[in-house]
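Chains as they are written, first to last, in the numbering used here: chain F, 19 to 332; chain X, 3 to 321.
To be clear, the hints were calculated from the coordinates, so they are not data collected in a lab.
Treat each hint with caution, since some may be false.
[To be verified] Pair ranges (Cβ atoms, derived):
#	chain 1	residue 1	chain 2	residue 2	range
1	X	D84	F	L63	36 to 42 Å
2	F	W123	X	D84	35 to 41 Å
3	F	W170	X	L82	26 to 32 Å
[Said to hold, decoys possible] Computed list of lysine to aspartate or glutamate pairs in DMTMM-like fashion (alpha-carbon distance at most 20 Å, straight line):
#	chain 1	residue 1	chain 2	residue 2
4	X	K133	X	D95
5	X	K218	F	D47
6	X	K223	F	D47
[Stated by the list, open to error] Some residues of chain X that are not near chain F, with every Cβ distance over 10 Å (derived):
#	residue
7	K47
8	D79
9	T87
10	R92
11	D128
12	Q213
On a predicted model such as this, the values are computed, not experimentally measured, just so you know.
Note that CB positions come from ideal geometry on N, CA and C, so glycine has one too.
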Amino acid sequence: MIDWIQDLFSALHQHVFETGVLPVLYALDLGGEAERAFSATEFFLIGAIEITLLAIVLGALEQWRPVERQTHTDWKKTDASYTMLHRLGFVPLLLFFLLMPAIDWIDGSLRMHDIIPPSLEDWLPWLSTEPLWSFVFYLVILDFAAYWLHRWQHRLNWWWSLHALHHSQREMSFWTDDRNHLLDNVLMDSAHAILALLIGVAPAQFIALVVASRVVESLSHANVRIHFGRIGEYLLVSPRFHRVHHAIGTGHEGAVRGCNFAVLLPIWDVLFGTANFEKTFPPTGIRDQEEGRQYGDTFWQQQWLGVKRLFSRA
Amino acid sequence: MNARSFLVAIIVAGSSLILPTYAQVAIVLNSGDGTVSIIDKAQKKELKRIPVGKEPHHLMATPDDQYLIIANAASNDLVLLDPKTGDVKRRIDKISDPYQIGFSPDRKWFVSVSLRLNRTDIYDGDFKLVKRLATPKAPSHVAFTSDSKLALVTLQDSNQLAAIDLATQSIKWIMPVGMTPAGVWVTPDDKYALVGMTGSDYVEVVDWRAQKTVKKIKTGKGAHNFIAMGDGRRVLVSNRIANTINIIDQKTLEVVDTINVPGGPDCMELTADGKELWVTSRWAKKVTIIDMATKQIAMQIPVGNSPHGIYFMGHAARR
């Protein structure tokens, strides 16, 4: 069954690449980018399949056990457009054609001075032949970094002015994961990619890491009344755990400006004292929305207001 | 049974026990998922797929044929395999971003081009770094002149061919060539360097002594890499975009035949008897085997992601 799926995917990947991507590359005299474009095409196709499967599975879960009845289909549509843009266009282009060449340049300059950036395998050589363990190690390291980056998104006022857009959704669904300001995306995606490449994550491995994280993140934003049980709640971020992070009044306030910052592993919140395991499914949004603050309804309104907030004009 | 026929029987039985492990595996580098496919050459079946490191692209045998060197570009190391079995024997670390690799014919120099980092590193025969040399954009493939004085390196993104003087480890000259040069091959008479234009549809013939292009041999689109047919006269060039392989007569510098190979044909290996050509079909995640008598596909073997380098013992001569 798995072989059959892999063969089918390989055939699709080859077909799209040879008939759709390669001719365009060659028309633009970019033949030297073929290998990079081959990986980017794979990333794009995985994204498209992933979105389709998530829409089917998480859509069904949201119908089955919704936390709340949602009425604003236009809000959901806007969030869906963020998902398409981010997972299918923005990230593959940014990652493969801007960040990777930039990292290569930095890497190359360092190596001319005999500085080879360390990788995890330098300390744990046995990982070289254990791709599954190497995947797990990198996943944990990157998730740790994601926890702290997320804390700074809330803690630093200028960054919160951008990140607030993500929290302004009052009818949260699995589409909400990618509802982010584009500048916020550039910052977060760049930080992740730079860290991943500097600690030695291979590009193909990075794709798998991103896809695995995205699946959990989509689920954690879903409008579903689901938790993972007494022990499970400590092992993986659940829709309930993450909903508390989005809750009006608790998700963005207090000394550390919020709680439950973990992306995949709640253990970081437990270790750094920011966990809140309350057994509720509270309403989501930002407190100042109740006082009338607008974050915009359409994509462009939201982007524009984000920039204005950044410069303290909204 | 007399003593003589008994002895013959023992030798036959003994060699049948030993020989199958020799020259029986083909080794394919799956650059996309960091594995090596070990293929039973006779059965044409993948026996196993072993993790080897990050982004293994190219491979070559050590000059004494004892080991197969796999260059893991993103792991910054070389892995030495037993070419008979595919077992990992040794790992040499701190080889920075080895993309394509080569030994000079006199075995004194080991050259590693770093496509990603715009550099060519020169090591001695024991893999000790002698010089890191900044080169223009995307050094892609390397070949040597037969006197081992020059390493010719294609510069994929700056559309040039560079000659590195190995004695002084410095760039001797750089000349312009066509769009996206990749594979480079020195003809057996040592007169010309053939350069595959992956961004175009020809092989450029360079008189490297005069640093002059003397001819453009029309091929399929995406001319990429070379391998000898072992007769000292013909060389194969894979065309990654056209999905063909051309046979070039190195004496007349003409294409004499064309073979259709789907899925982005890249690296090649030809059996010593010239009967089978094994090709990595890069975009199809397969190895394609061509029956050279009919020039048709005999079969395809599924392997890992983005298969690149390929090697087996019992290959055709490299000239």
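Against the structure, the hints:
1. X:D84 / F:L63: 36 to 42 Å: Given range 36 to 42 Å: holds, Cβ gap about 37 Å.
2. F:W123 / X:D84: 35 to 41 Å: 38 Å, holds
3. F:W170 / X:L82: 26 to 32 Å: 45 Å, violated
4. X:K133 / X:D95: OK: K133 (chain X) and D95 (chain X) at ~17 Å, within 20 Å.
5. X:K218 / F:D47: 19 Å, holds
6. X:K223 / F:D47: Distance ~13 Å between K223 (chain X) and D47 (chain F) Cα, so the pair holds.
7. K47: 14 Å, holds
8. D79: 8 Å, violated
9. T87: 16 Å, holds
10. R92: The claim stands: R92 (chain X) keeps its Cβ more than 10 Å from every Cβ of chain F (closest is about 13 Å).
11. D128: 18 Å, holds
12. Q213: 23 Å, holds
The structure is inconsistent with the numbered hints 3, 8, although it conforms to all the rest.
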